[in-house]
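So the sequence lines, in the order shown, correspond to chains A, B and C. Residues in the first sequence are numbered from 142 upward in steps of one, following this note's numbering. Residues in the second sequence are numbered from 62 upward in steps of one, following this note's numbering. Residues in the third sequence are numbered from 42 upward in steps of one, following this note's numbering.
FYI, nobody ran anything at the bench for these hints, they're computed from the structure. Beta carbons are placed, not taken as given, at the ideal position from N, Cα and C, and that holds for glycine. Be aware that one or more of the hints could be misleading.
Distance condition first, Cα-Cα at most 27 Å in a straight line; then the derived DSSO-like pairs of lysine-lysine [stated by the list, open to error]:
| id | chain 1 | residue 1 | chain 2 | residue 2 |
| --- | --- | --- | --- | --- |
| 1 | B | 165 | A | 306 |
| 2 | C | 318 | A | 258 |
| 3 | B | 136 | A | 306 |
| 4 | B | 133 | A | 306 |
| 5 | B | 185 | A | 306 |
| 6 | B | 168 | B | 115 |
| 7 | C | 352 | B | 115 |
| 8 | B | 115 | A | 306 |
| 9 | A | 306 | B | 168 |
Some chain B residues flagged as far from chain A (calculated, every beta-carbon gap over 12 Å) [to be verified]:
| id | residue |
| --- | --- |
| 10 | 86 |
| 11 | 132 |
| 12 | 138 |
| 13 | 155 |
| 14 | 199 |
| 15 | 227 |
| 16 | 228 |
| 17 | 286 |
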Amino acid sequence: MLSSSVIVSLFLSGLATGMVYALLAGGLTLIFGLLGVINFAHYAFIAVGAYIALEVLDAAGLNFWAALAISLIGVGLIGFLLERTLISRLYGQNPAISLIFTFGLAMAVVELLRMVKGTAFYHIAVPSALVGGVPMGDAAFPTYRIFLLVIGAVLFFGVWAFLQKTPTGLIIRAALCDRGMTRACGVGVTTAFAMTFSIGLALAGIGGALMAPMMGVFPEMGAEILIVCFAVIVIGGMGSFMGSLVAGLICGLLSSFITLVSPQMAMASIFIFMALILAVRPIGLFGEVGRVD
Amino acid sequence: MLEIQDLDVFYGGTQVLFGVSLTVKKGEIVSILGRNGAGKSTLLKSVVGFVTPKQGSIKVDGKDIVHWPLEKRTKGIGYQPDTKRLFGTLTAFENIRVSALGTKNAKATMGNVEGILNYFHPIKGMMNRRAATLSGGEQQMLTLTRALAREVGLILLDEPSAGLAPAIRDNLAQAVTDQRDKSGCSFLIVEQEINIPLGISDRIYGLLNGKIAFEGTPKEAVETKAIEDILMISKKG
Amino acid sequence: MLTACKKYLTNNVNKSIVIVIIFLAISPFIIPKSIAMDILIFGLLAMSYGIIQGHIGQVSFGHAALFGTGAYVTGLLLYYVDIPSSAAWIFFPAGVVGAVIVALGMGALSLRRRGAYFALTNLALLQLIYFIVLQVKGLTGGDDGKWGIPAPTFGSIPVTPESLYYLYFVIFLVCLFLMKRMFLDSPNALVLHAIKQDEARAESLGYSVYREMLKAYALSGAFAGVAGAMYAIQMQYVGMSYLHWSLNGTVIIMAMLGGVNVFIGPFLGAAILIALKDVISMYTVHWQLIVGILVMVVILGLREGILGRFKSLRF
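Assemble the whole structure, with the sequences as input and the hints as a guide.
Here's what the structure looks like:
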C-alpha cells in the first residue's frame with residue numbers, strides 16, 4: 142500500500158508537472174482560439190527560451206531570476222515580431238496552412254539552435270535557493286518542484302489578470318468570442334492579435350527555461366511535451382485559458398499517478414482521456430460554443 | 062449623414078441587392094421595411110462592412126467608406142445586429158465597455174449607459190452577469206444598450222424590437238426619439254414589425270426582393286396601402 | 042493502339058501519371074538506389090495521405106499510425122512466424138489488412154467530427170497506439186525496435202535491392218491505378234468530391250457522408266499500409282520512428298508541397314523533399330533549416346502547392 146507521504150508526493154509532483162503543461166497549453170490555446178493558428182512552432186520556442194536562460198546564466202553571468210525574466214520578455218518580443226511579419230499572413234485560411242507553416246518554422250528554428258549551440262545537452266543548475274527538498278515521509282519532495290507550482294500559478298494569474306483587467310485583454314477576450322463584432326464596434330484587433338501571439342510564445346519560452354534545470358537544455362526538448370499540450374487544449378477547450386489550467390493539472394496528476402503502473406501508460410492515459418472528451422464533450426471542459434467570425 | 066447609391070450586393074453568385082439607393086439626413090429616423098429575405102440585413106451589413114458590395118457607393122458624412130476596414134467605419138457608427146452577437150463570456154458591462162473602446166470618446170459612451178439603462182431597466186441589475194447567461198429578451202436589451210450608448214452620429218438597428226416585451230418596445234421607441242432629439246443622432250432601422258417604424262420614423266423605405274419599392278412618410282405608406290400591397294406584412298398586435 | 046495511346050495522353054492528368062511511371066522505371070539507373078526506393082515508398086505514402094486531405098478534404102495528424110501498423114504487422118510476422126521464406130510474401134497483404142483495420146477503427150471515431158477536432162482525434166489515437174507499442178516491448182522491441190527482419194524470397198532466390206525495387210514498382214503501379222480508378226474516375230469519386238464541397242447538400246441528396254468518408258479513409262489506410270509493409274521489408278527493421286508524430290508532419294509537407302488537389306501532387310512533393318534532403322545533406326548537415334525555410338516560402342507563396350496552379354491537373 143502507498144504511504145500517505147508517497148501519495149502527497151505524487152500529488153504535488155503531478156500538480157507541478159501539470160502546471161508546466163498548463164502554461165504551455167495556455168499559450169497554445171490562446172493562439173488557436175483567437176488567431177485560428179495551430180502553432181506547431183511552440184515546441185521550438187520552448188527550447189529557445191531555455192537557451193536564452195542558458196546564455197543569460199553562462200555568458201552574462203546573471204542569476205536564475207534574471208534568466209527567467211529575460212527568457213520571458215525575449216521570447217515575447219520574438220513572438221511579437223513573428224506575428225507582425227509572418228504569422229499574420231496565415232489568418233483566415235485552411236488550418237492545414239498554419240499547421241505546415243509553423244511546422245516548417247519549427248524545423249528551421251530547431252536547426253538554427255543546433256547550428257548555434259550544437260546538439261549536446263547543456264545543464265542549468267537549480268538555483269541554490271531552491272536546492273534540496275521538503276521532508277516528506279522517508280524522502281524529500283524537491284523544493285524546485287514546489288517552486289514550479291508557485292511560479293506557474295503566478296504566471297497564470299498574471300496572464301489572467303492581463304486578460305481580465307486591461308483594455309487590450311478585454312479586446313482579446315471579446316475577439317475570442319466574436320472577432321467580426323469586435324471590429325464592428327470600431328475596435329481594431331491587430332494589436333490584440335500581436336499581443337496574444339507574443340504572450341503565448343512568451344509562456345512557451347519561460348516554460349522551457351523553467352523545465353531546463355530538470356531536463357537539461359537541448360534543441361528538441363519541447364517536442365514530446367508539445368503533443369501532450371495538444372491533448373491538454375482539447376480537454377480544456379480550445380480557446381479557454383482557464384480550461385488549459387484545469388486540464389493541465391488533471392493531465393499532470395494522471396501522468397504522475399499512472400507512472401506507478403508504467404510511464405508509457407501514463408502518457409497513453411492522457412490521450413485516452415482526450416479521446417473520451419472528444420467523444421463525449423468535444424468542445425472541451427471549458428469550451429464555449431463556436432466562435433463567430 | 063448616410064448616402065447609399067446604386068448598391069449591388071452579391072452572396073456568392075446570387076445577387077441580393079439591386080441598385081439600392083437611400084439617404085438618411087442628419088437627425089432623421091429612417092426605417093426600412095420588408096419581408097424576410099428581402100435583403101434588409103444585407104443592406105445594414107454593407108454599411109457596417111461585413112459584406113462588400115460589387116458596386117455602388119456608401120457615404121457617411123460625405124466620405125465614401127466602401128473601401129474602409131470595419132473598425133475604421135464603425136468608429137462613428139453604432140450597430141445592433143439581428144443575431145445579437147454579444148460577447149458571451151464577457152459580462153454585460155464588459156460588452157458595452159468593448160464597444161466604448163471603439164468610439165472616439167469612450168468616457169462619454171460609458172457615461173450614456175446609465176441613461177440608456179433607464180429605458181431597459183430589467184437588465185439594470187445584471188451588468189455583472191456573463192452575457193451568455195442572460196435570457197433572449199435580456200440579451201436583446203443588452204445588444205441595444207451596447208449600440209445606443211455609443212457617442213456617434215449614425216446608429217443602425219436590425220430588428221430591434223425582436224424578443225422584447227411590449228412595454229420595453231415602447232421604451233425602445235422612446236429611447237430612439239430621445240437620443241435623436243438630444244444629440245442629433247441619425248437612425249436607420251430595419252424592421253419586420255410596423256409598429257416602431259410607423260410610430261417614430263420620419264421616412265420609410267420599402268424593400269422588396271432586393272429593390273427599393275417604396276419611399277415616403279409613414280402617413281403616405283399607410284394611405285397608399287403600400288405597406289399591405291407591396292410589402293405584404295400583416296399588422297401585428 | 043497508337044491512337045488509343047495518343048488519346049490517353051491528351052489528358053494532362055494522364056500525362057503526369059505517365060511521367061511518374063517513366064521516372065520510377067528508370068530512377069534506379071539515374072539516382073542512388075536507396076533514394077529511388079525512398080521516393081517510391083514515401084511517394085506512395087504521401088499519395089495515400091493525399092486521399093484524406095485532397096479527396097476527403099480534412100487534415101489528419103494520425104497518418105503515421107497507418108504506415109506504422111502496416112510496417113509492424115508485416116515486420117513482426119516475418120520476424121516471429123516460421124514459414125518457408127518464399128511463402129512469407131503472404132505477410133505483405135497481412136500488413137495491409139492490419140492497416141485497414143486500424144484505419145477503420147480510427148476513422149470510425151474521428152470522422153464524427155471535422156476540422157481541428159478530426160485532426161486531433163487522429164493524433165490522440167496515434168499517440169495511444171504509439172505508447173501501447175512502446176509498452177509491449179517484449180513483442181515489438183520497444184524503443185529499440187526489431188532488427189534483422191528476414192526478407193521473403195522468390196522461391197530459392199533471395200531478393201536483391203534491384204529485384205525488390207522492381208517488385209515494389211509493380212505494386213506501386215497497381216496502387217496508382219487503383220487510386221485513380223477509385224478517386225478520379227469512378228462515380229464514387231464524384232460523390233466524394235461533392236461531399237468535400239458541401240456536406241450538408243450531399244447528405245440531403247441521400248449519401249451517407251460518414252460512410253463515404255470512412256470508406257475513403259480505410260482505403261487511404263490500405264495504401265499507407267502497403268508503403269509501411271514495403272518499408273519494413275526493405276529496411277529489415279521496424280521501430281518507433283514509424284509511429285512518431287513527426288512523420289505526420291513530413292507526410293503532410295510532402296503532400297502540400299506538391300499540391301493536394303492534384304492527383305500526383307503528393308508524389309511530386311515526396312520526390313522533391315527526399316531529393317532536396319539528399320542534395321543538401323551533401324553540403325551541410327543542417328538540411329532541416331533549408332527545408333524548413335522552403336516550406337514556409339512555398340506555403341506563403343504557393344498555397345496550392347507546386348502543381349496546384351495548373352488548373353488542368355486539379356480535380
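Non-conforming hints, listed in increasing numerical order: Hint check: 6, 8, 11, 12 and 13 fail, others pass.
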